[in-house]
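The primary structure of each chain is shown beneath.
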Amino acid sequence: MVREQTVVSPEHLFFVAPREEVFITGSEAVAEAIKRANVDMAIAYPITPQSESMHLVGDLYAQGYLKDYYRAENEFAVMAAIHGASLGGGRVFTATSGPGTLRAMEMFPVWAGARQPIVCAFMCRGVSLPPSIQPENIEMAMLLDTGMMMFHAENAQDFYDMILKAYIIAEKPDVHLPVGVFVDGFFVTHTRDKVMLPAGDLKLPPYNPQHAPVPAFDMETPPMRIVRDPLLIKSNFISYAANASWHQEVMAAAQRARKHIVRYMGGLLEVENPHAKVFIAASGTAVSQSREALRELRQEGIDAGLIKIKSIRPFPEEEIVASTVNAHLIVVPEFNAGGWLAREIKAALNHNSRVVAGPRVFGGMTMPKELIVNTVKNALKARAGVS
Amino acid sequence: MSTKIITPVREFADLLPQEYQDLVARGPYFEPKGIEDLGTFKEIIEEHPHCAGCGVSLGIRLVAASLPSPADTVIIGTPGCSFFGLTQTAVNYSNTAFGNQNAVASGLKRMLRIRYPDQHKDVVVLVGDGGIADIGLDLTLHSWFRREKVTTIMVDNEVYGNTGGQESGMSKQGQVLNMAPVGKQFPKIPVFEMAKVSGCAYAVRVTVASPRKVGRAVRNAILVAREIGPTYIQIYTPCPTNLKFPPNRTLEVAREAEKDYYAYEEFITEEAANYLARL
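First to last, the sequence lines map onto chains H and E.
The numbering used here applies: residue 1 is where the first sequence begins, and numbers increase by one.
The numbering used here applies: residue 1 is where the second sequence begins, and numbers increase by one.
If you are wondering where the hints come from, they were derived from the structure by calculation, not from laboratory data.
Quick reminder that beta carbons are idealized off the backbone N, C-alpha and C, glycines included.
No false leads were slipped in.
Only some residues are given here: those of chain H computed to face chain E with a beta carbon under 8 angstroms:
id, residue
1, Asp40
2, Ile43
3, Lys67
4, Asp68
5, Ala72
6, Phe76
7, Ala80
8, Ile82
9, His83
10, Ala85
11, Leu87
12, Gly89
13, Glu106
14, Phe217
Some chain H residues flagged as far from chain E (calculated, every beta-carbon gap over 12 angstroms):
id, residue
15, Ser51
16, Pro99
17, Pro205
18, Lys277
19, Glu318
20, Asn350
Same shape as in the complex, but just chain E (with noise of 0.2 angstroms):
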């Protein structure tokens, strides 16, 4: 969009909601912010009702803080904790039904190619671990084998947060959880690997315990997905409410998990490389 969409006439400036002209006035649209200015211009998310020490708020702020172009982005979503912070957001978010949203995203994406052939539309998928590995696995594989021009980020706290610490396809193995009664019986499901080989263009597994990483990987993954192809993150946002952990040792339990099993980790191909050099 062009910045003159938002910016009301002087007349009326003052009659507009405090909130709108915050984001006018010191919104994310007009000039290029990061994670780097996290605190120094209206974040884009705001008082959210997360638990304290949640890990998905953070991954969502730091990922909100890192698009490119957030103001011709939108955020395609899906039912569970993600959404109570995408639906702060500045830009255009969408959560219908559980595990669409690679269907959906597929489907706006090649719309806005054809409405606006000139101009970059960001797609960004942004939803949990259920959603994606467990009943939206279908969808978000064959979106990838399709080779839609989408980045899909998960928010892997892995757990179902909302429905009340169910365990989903991305727990760990061993580990005790409502509907889990004795311990999930098998391994984290490497949707990471499956992006490898599945047509993604750029893949970072990464924790919110390195938010420069997770913004270079964010800015990196839609632009790739703007001209190369899919794109995908996997961030670790752990969870202290149903991981039962005290809300200050989110960063802490991401920094532990990262030096365990959560290392950071980059899939890109040659076609993408070449194209962030020439950028």
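Isolated chain H, as found in the complex (with noise of 0.2 angstroms):
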């Protein structure tokens, strides 16, 4: 059985297609996502916060929205089979959490040294240290030297947009690399919030394996030596000047999608109030919890910004840089004990004393706005000498 659906052009599903309000999960609102991105295959593996959408993705298999779909062995596996089905020329979709993304570490970097354009979902959660299913982002920081294209979404909608349009920033011929579009896990995936969705009979336009700087593994495209004198056989100076020239293409590739991110999702990052001097900047669930921490602080006269980091991976080290270019203060709130975005956000500024790496939960916690609030002003005290 296969589902009867329009296919439309990715600006008409994005921007133009009218849409009417629903009250979903994000769980369900990566199903909405997936009956619209003409996926052909997909493969599953439980794991806790990740496992209600890969249901309801086999629903949509059931369903004939998509061609096929199994339950595979191991997380591992499940990368391994995606990748092989990616090779084979056609467009899939997996997600995982947490220990199930470490347990697939080893194929993250296969994907994007390859080019193959596979969107997975991280419901992100905490990893054996120590054991928690609970709501964390560590893993991200695990993933940034992957090659892989890293989006972060606030929300349902932000979720459902998003792995809509890492498809079609991953397949642009001069990008054609792997997206991982990453949420907080029950935060996101296990509450009701307003989606705004087009109909469910408007899909995208099917991937296209010629469309792309690698063939398809089909025996189809000559020369048929595809492999030839691989690099990894040879030890010379030329076999590792072509790995690194390789390498370099691939993080040349994701610099290349940042025009196809500003198009398609309106920026890497969004600036809130730009002329403040004290900004809040994060990225998922972290921002929401900054919307509230800004409202209290304008109502106590405090005049702050929102920067709201969208795209990981490419990182915008420039954007950052301009928005808080009249910066004295930027406080960066974040869901994990390491801190990654705040030493990325230090990395790209000059004057990173300027950056306070926090306040950091981990562990199942939640983040109070007067948490934020609260490290806000302590901030702006000591840097006005009043302890």
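Two chains, each in its own frame: build the complex with the hints.
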């Protein structure tokens, strides 16, 4: 059974098609995106808090929206099989969380190195440090240099939009890289939110494997010897140089994605109150909490702004520098113990003593807005010489 | 693929690299070839850097010459000695992470079935003993449990060759090797027996000393995998470098093993036998 849907242009689906408001969970938003993504095949393996979304994707297969779907044996096998399916020249989807991400780790650089436009959702949760199934996004720190592009969704609406847009950006011939779309698990996956959706009988155009910098793995593209003197098995300068230039090309492809991210996602970041001297910079659900903190700070007469970072890879270094050129304080709240976003921002800025790396919560803790408000106020007091 | 795809237009033919012109003029694609033809046509493999007397390279050549449809075959491998030869084949070849081959092949086969519903695209896994019996055993078995229509071929040299001669699960009990300083403490892993009870419709255990049997097994395995289910071939491919015998004794070592513990065995389900009989 193949589900009848109308193929529309990405621009129509994203920006023109009328939308209606629904009240759904983040997991349901994933399924709504995949329903319209014209995905050929998905592969699933259960892990909390990802599971529900992949159940729903399985239901879409049963209803004829996908052409194949199965439950695999572990996350390494899932990511390997998704790689194989993508090599075969079709559009694929999978998702995982926390320990599953780490279990599959070896495959993510393979996806990028092979230039496969795989889209994978990550419903972030704690890893065993100590064991936790609760919301936390430390796994993102571990994926920063896999070559994969990384988008961080704030809420269910972002999650829906970013998954669909990820396909179109990933599949641009001058990009052709995998994209991870991340949310903070439970906070987004297991809560209901208002999401604006276009009609369910619309879908993206199919993936075209001919519009790619690497041929599909189907013995239909000459020359047939697509693996010729592979770089791995030679030990000489030419092979090192070839390997290094291929690696540089992977990184350059992510940079070339910037213009597409600007076009489809409205930029790598969003700035609220751009002339402020005090900023909160955040990604994911920390952005929502920061909005609440911002409201309270304004009520107390502190003119603060907000930088919502949507693209973690490529990272908007220049945009952050430009948005904070007049700022004297940048507070970075995070849902992890490591503080990876603060490190990224500090590395991008001159005078990075302006950055306060925190507050940070983890192990499943929530982030009350007061935590952010107090961090801002304490930092302002410290800077004014008042203890 | 259609042969038209690789045939260059006349005006450009002499601009292509000599190797490519050779593949077009004397390659394996245009008419059926078999092991008996080895040496009379442009072999699929050339200039591989395997050691002298390498059983694995011989195993790969025998397999490559026996593919029923090389023009529509893709090979999935895994890091190890086997990729030295496999990267020289005239078919699409990929190896990515160690031990993931049967999962990659599962996804690939399913996608090729979606994209080419009316055409056979043969997906063959060809890797060493460490890749299948040790690091990739779970993914191999699960592809069989799921009845993925893929042919899995082990070139069993009973050792990790590429990393310098370490014990693998397929090494013989008692064999002294790197990481087995007092000899291997347990028998060869019974992967062939596992294939029979894990969903394979056809399985053969053979050595490179019996090339015609290898050729028949490869052909049968790939044909059965098209319609019936997973298939498995385990080829003994002795390693002179790490097992420390002279490189001109490879076939002799394989022949002795065949008489001793590596006897030829064929397993076939009734369904697969009926299918082959109908062809």
